[in-house]
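Given chain A, put chain B in place with the hints provided.
So you can see what is in the structure, the chains are spelled out below.
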Amino acid sequence: MSRWGKSPLKRAKRLRLKSNQTGGELPSAPIPLPALGERVFVLGVLQMIDFLQLVFSGFATGSIYALAALGFTLLWQAAGTINFAQGEFVMLPAFIMLAFLSYGAPLPVAFVLTALVSTVVLGWAFKRAIVDPLFKYGMMQIVVASIGLSIVMKNAMRAGYSAEAHPFPSLFSDQLFSIAGVHISTNDVGTLVCALVVVFGVQAFLAKTVTGRAMQAVAQNTESATVLGINVPRMIFYTFAINAVLACVAAMLVTPVYLAKFDMGDSLGTKAFFAAIIGGFNNSRGALLGGLIVGVSENLAAAYMSPAYKDAVALVVFMIVILFRPQGLLGRKEERKV
Amino acid sequence: MSKRNIFLGVIFAAMVLCLPPFLKNYGVYMFSTWLIYVIATMGLNLTVGYAGQKSLGHAAFFGIGAYTVAIMMKAGISWWLGLPTAVVLCFVLGLVLGFPALRVQTIYLAFATLGFNTAVFLVMRNEEWLTGGTFGLNGIPRPAIFGFDLKGQAGSVMHLFGVEFPLAKDLAFYYFVLAATAIATALLWGLLRSPWGKAFQALRDNPIRAESLGIDTRNYTLLSFAIGAVYAGVAGALFASLVDFIEPAPFAVGASIMMYLMVVVGGAGYFLGPLVGALIGMLIPEWIRDVAPSLANWYLPIFGATVVVMMVWLPDGLMSIPDRIRAKRDSRLASAKRAEATSEIAAIAAQSEGVAQ
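These protein sequence lines are chains A and B, in that order. In this text, residue positions in the first sequence follow numbering that gives the first Met the number 0: the first is 0, and each later residue adds one. In this text, residue positions in the second sequence follow numbering that gives the first Met the number 0: the first is 0, and each later residue adds one.
Among these hints, one or two may not hold up.
[To be verified] Here are the simulated DSS-like pairs of lysine-lysine, each with C-alpha atoms no more than 30 Å apart in a straight line: (1) B:Lys197 <-> A:Lys135; (2) B:Lys2 <-> B:Lys73; (3) A:Lys309 <-> A:Lys260; (4) B:Lys327 <-> B:Lys23; (5) B:Lys327 <-> A:Lys135; (6) B:Lys168 <-> B:Lys2.
No wet-lab data here; the hints were simulated from the structure.
So here's chain A without its partners, still in its complex pose (with noise of 0.2 Å):
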C-alpha cells in the first residue's frame, strides 16, 4: 500500500464507524451528512477498495496462468517446440492426481506422484514420440502435432473416462480475511504465493545452478552448448520435464476453482499463450508478466465491463502488444531469415 493509500482508508473507516453507530436507533432528527467532497471521496474510497480485491483476485489466477506460460515458453527456448496441448497438459494431472486420491492418497503424496508420471509420459514421452522426429521438419508440423494430441488427450479423457466434471479438494482453506478492509481469500493468497514461489524457483534455478546456465545456454545457442561440452539432448529433457512439472503445480491450483473436467485445458491452454507471448516468448520473465497481466486485466474488465466478454481481455491486450511490439513487452528482438 502506497503512502497515498493509507489515510484515505482510515478515514473511510471511521465514516462507517460513524454510520454504524447512528444506525441502530431511528434517528429522530436527520443525520448530518459529511460534505459533498468528503462523501465523493468516500464512494472513491469503497470502490478502491473492490478495485483493489479485483486486482489481487486477477493476481490469483494470473499467476496459474504463468505456470502454464512459463513452461510454454521454456519448450520454445529450449526446443523450439510450440505446444498447443498445453491446456491438455493441465488437465491429464488433474485426472491423475484425482485416481491417487481416490485411493486414498493424501494431497501432498499425490502431487508428488502424479509429477513423476507427467514426467515420464508428458515430458519424456512427450518429447521421444512427438518433438524428436518432428524437430528436422519445423515449427508448424509440431504445432499441427500438439493440436492432433491435444485432441487425442481431450476426447480420449471423455470416451474412456467421463464427460462430467469432477470435484477437487483445495490445498488451502478457503476463508475470508480482510486487510485494512480488503476481502482477501486464503485460496487466492495460498495459490499466488505458491505459483511465485515455484516461478521464481524455476528462474533461480535456470539463472544459479550449472544445470540451470546449461539449460540456457543450449536455448540460446545450441552448437556452442555442444562444443563446450554440455549434454544437449539431457537440457532439453530437463526442460520437458520442469515443463510437466509445471503443468502439474498449475493443475493443482486450477482444479479446486475449475473442477477437473476433459476440457478444462480449452481456455486455459489459450490464456497461457497469450499470456506469455504478450510478456514476450524469449524471456522467462515475461511469461510471469504476461500471465499477472491477463489474470488481472480479465477481472477488471469482468467487473467493470462485462462479464460474458471476459475471455475476449487477454486477446485485446494480446493483438494491441503484437501490433505495438510483436516481441512481446521483455521480449527481444528476433531477426527475419531469407
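Frame of chain A; chain B shown alone:
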C-alpha cells in the same frame, strides 16, 4: 491431365451426381454438409496451403456467413441478397484479419486468428438481440432458384427400371449445394492458374524473395485472407439454409482447428486436398455416428492420433501419396540407370585396360 485422372474424375462426378437419390434423408444431408465443408476448407486451403498464412480463425467466417444469411432471411430478405451481403462482409473482415499477418507470421498469426475467432464466437453467444445467443436462430428457410423452391417435398418417388425409389426431401438442396461447389471449385482453379495464384505460392515459398521480385506481398497477403474468408462465407450461407437452425457451437475455435486439420490431412496446397480432408474430418465421423454410435466417441481420439502419426510419416497430407510413389519410382529408376551406367563404364574400363596391355 493424364487419362487415369480423367477416369477418376468421371467416376467421382458420377458418384456425387447419381448416388444421393438412392440415399435416405440423413445420407443426403450428410453429403450436403460434406460439400459445404469442402467449399469452406477450399478457402482455407488457399489461405494456408497456397499463400502459407497460418489461419486458425476460419470457422469465424463460416459463422459470419451463416448468421448474416440467417438474420437477413428471418427479416424476410431473400437468400439471394443475403449471399452477396455475407460475401462482402466476409471479404472486408478477411482483409481486416489479414492485417496482423503483415506484422507477424506463423504461430503469432495462428494465435491472432484464433483470438479473432474467439471474439466472433463471443459476439454470437452474447448478443442475444441479434444472434439469439445460445438458443440460436431457427426456422431459416431455403432459397428458391428460378422460381423453384429448394425446400423440397417429402414423399416424392423416382421410377427406375420399374422400381420405385423414395426420394429424400433434401435432395433438391443437395444439387443446389453441388452446383455451388462446382462453381466455387472452377473459380478457385482459374484463380490458382492465373498470375494471382502463382503470386500466392511465391508468397508462401519465400516472402522476401517474392517481394524482391516485385510482388506486392502486402496486397496478396490481405487478399489470400479475404478470398479464403469469402469461401467460408458462402459455405456458411449454404450451411444456415441446410440445417435451418444455427447456434454458436459449430463456429467456435475448435471448429477452426478442425478445418485447419482437414486441410493438413487432405494435403495443404493440393487442389483436391479439402475434398479428402472434409471426407475424413466431416463425412466419415458423421457416418460412424449414424451406423455405430458407440464408436463415435472414439473417432476424434483416433483422428487426433492419425494427425500425429501423419506429421511424422506423411507431413504433406494424403494427396501427396501419388507424388511420393512417383518420386520413389523415379528415384528407383534413376538408381537402376546409374547402376547400369556404372557397370557399363566398368566394362569399358576393363576393355581399354585389356587393349593397353
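For each hint, the structure was consulted:
no.: 1; hint: B:Lys197 <-> A:Lys135; in the structure: 28 Å, holds
no.: 2; hint: B:Lys2 <-> B:Lys73; in the structure: 49 Å, violated
no.: 3; hint: A:Lys309 <-> A:Lys260; in the structure: 20 Å, holds
no.: 4; hint: B:Lys327 <-> B:Lys23; in the structure: 43 Å, violated
no.: 5; hint: B:Lys327 <-> A:Lys135; in the structure: 21 Å, holds
no.: 6; hint: B:Lys168 <-> B:Lys2; in the structure: 37 Å, violated
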